[in-house]
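As you go down the protein sequences, you meet chains A and B in turn. Just so we're aligned, residue 1 is where the first sequence starts under this note's numbering, counting upward by one. Just so we're aligned, residue 1001 is where the second sequence starts under this note's numbering, counting upward by one.
Everything labelled a hint here was simulated from the structure, so no lab data went into it. Values in this document were obtained by computation on a predicted structure and should not be read as measured data. Glycine included, each C-beta is placed from N, C-alpha and C at the ideal position. Heads up, some of the hints might be wrong.
[Unchecked claim] Straight-line C-alpha distance at most 27 Å; calculated BS3-like pairs for lysine-lysine:
1. A:K130 <-> A:K214
2. B:K1087 <-> A:K115
3. B:K1137 <-> B:K1087
4. A:K115 <-> B:K1137
5. B:K1056 <-> B:K1081
[To be verified] Computed from the model, here is a short list of chain B residues facing chain A with C-beta under 8 Å:
6. M1029
7. V1032
8. F1037
9. I1038
10. F1041
11. E1061
12. I1065
13. T1066
14. T1088
15. R1133
Residue-level listing of the chains:
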Amino acid sequence: MRRWFHGTGLRSFLVWVRRARTVVGSLVAAVLVATPQGAADLWAPLEPVVEFGHETAWIWLTGALVVGGAASWILGSLRHPAVWDATDAILDEFQEALFAKAGGDAAHHRVTLFKRVSWRATFARDNAGKLRWPWSGWLVPVARSGHGNRRTGVHFLCPDDTDHAQGVAGRAWARTQAVVVDGLPELGDSDERAQDEIAGYAQKTFVSEAWVVKNSPRARSLMGFRVEDARSNPWGVLVVDSRLPSLNIQLAHERFNSYAPVLARLLQGA
Amino acid sequence: MRKPMTQQEHGGWIRVNPHDYDQPHEIGMADVEVNVFISPFEIPRGVRGFYDEARKRFMIEFKYITREPREVDDGGPPEIKTLIGRKTGRILGFEIDVVALHASSVSLRLGAIDQALEAVRSRSSLPRRENSRIASKVLHDRSEELFSAMASI
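The shape of chain B in the complex, shown without the other chains (with noise of 0.2 Å):
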């Protein structure tokens, strides 16, 4: 018998379904009413938390279809740093210093992550903007589960 399948896959990895992120929506182009629904490639296929040892950061990274170089943008709280991909300006991920966060409850931690997303976003074209907000929206949906292997620090 086939065992059922869990959200946690292999490499502490939780599967984010797609179809949660992307319904479709109606918008004016160039004086056209069209529907437009976000790229596969846009939407995170997995997301995970971990702490990283030799960083002493917790990690928080994003899975894509593709993947690419990341480099880091710190214009958020200087205790967040927002990892993002070279060529497409997706969030790859977030590395958090959790001594100098303060923060020990799961809103507030979001609420830090989400000012460092802002940050970002202040600085990204309209497409790019899509990609953070669904990746502020996957962080909410998912944060017990990401911020479990935190309360262990």
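Same shape as in the complex, but just chain A (with noise of 0.2 Å):
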């Protein structure tokens, strides 16, 4: 999931950097006042430090300057993890509401939120078999309901010509209409798939069919809603998939109406 670049894990890291560029400053500036007889005088091994740092001042406080600052500018356009926290509780209950008297395993039924990115570090084909590029536009996880089902890495292409958008998540992207697809057949393990499982599977989840033979989705019921932030930008997709044949469509709609309005205001800027 692309939740470490959006979230906790960098910010942690520039939260580190930006300290060591007061601690660099500080130094230099701590060594600048000094004289080389001083430092000798006081104890003989910083005399040849205080000239060093005499000659190389400028190149370390650039490079704070510099190196801190990127992680200052980082820091402020990156959400705060509790907006993840907030996001994830939300994806949560919408699960818990939709599932909570489906019984089996609550990874059978999730609630993912994905993030429309013009850019990932990944080719692929369209579903008419023309190879797209790394710039073509995707639609990638960001966030997942429950503890253990948290790490995936499937995707969406979703590029401008939204005819060519993938899965339900590409299909709700491109549409001002939530999208819901049941009844999918149930597919088996890899080796005891037969072709025209595959091919339908593929057809009614708008996805190709070597899609499908790589991800072995199990979801019997989809469904997309396109999220948009505060401002009107449209954000990415949040997408209910279970292994039930079919889902409570009204309960659904219902919820996400109450929950639509805080995560627009959730994902602004995100």
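Once you've looked at the hints, go ahead and assemble the two chains, each given alone in its own frame, into the complex.
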């Protein structure tokens, strides 16, 4: 998941860089006010250190200014981890509201938030077999309900020519309507699958057969809602997937109506 | 004891229940039958009508989940300007020259607004037509409340 990029891991590193800038700046300032002779009088081994500091102070100060400034700038543009905690809480509550009575493993019924990014380090073929480049536009997962199933590398092609957007996620992104697909066939293990099963599943979920073979989807019903940020910019797609053959559309819709205003504000600038 | 909720909120907004406008329906998409329903981002959460003394115009405004800058579309009747979201193309409201409109009844006023909406719709992509259809329905459903402020002008 792109969570590290958007959230906590990178944030911790940048906070550390910003602190390092302060330490380096203070040390260089101390060296600059000292003289080699004064340092030698205090403790002989300090003399070459102070001389070295005087010769290279501009490099240290410039480096601290540039690197520290960049860290501060990126930190300012990243959302606070609490924003992601709140987003997780909404996804968890959504999942529980829809599937509390469904039984079975909670990981069989998931709510995932995908962000639309213009660049991703990957190549893929669209459903028509045309090769798509890293800058084609993608939907990448950034948050998911539950505790045990947050790691996923599943992503969908989402180009500007939206006819080629993949998956229910891609179709929802391209529309001002939420999209529901249910009654999907139950795909067996990879060695048991018939080719026509794979082809049928791929057609009904708007992906290629190669995508089905690679990702082994188990969902039997899917629902996608496009999400905007508070300033009306399209942000991403919220996808509900379940191993149940059908979803309670009305309940999902009611719940999404409640969560949408909060999500829009949380995702502003995220 | 909790006070009962009124339709009229702070700021003169009349609350709109999104569920009245978003019934799921089936459509064909790339040879596949899917259920769709209008996104809550497309349905106004509130609507209000008031007389703007500074502009000398009767204003109708829609409130959505998100905000955006607006632009004016004057492709409809000359007495009505349609306010449209610059990013999304959503119908954000109308600016009505009441004196020039010469429409005394609610149905005549709604007819003129529908003409303005039709002008916008004719130039919109398919998804945006959904929003303008809902805006029109909200106006018709709440017309008596909305135009009550116009009666005193």
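If you test the structure against every hint from before, which numbers come out violated?
As far as the earlier hints go, 4, 11 and 15 are violated by this structure, in ascending order.
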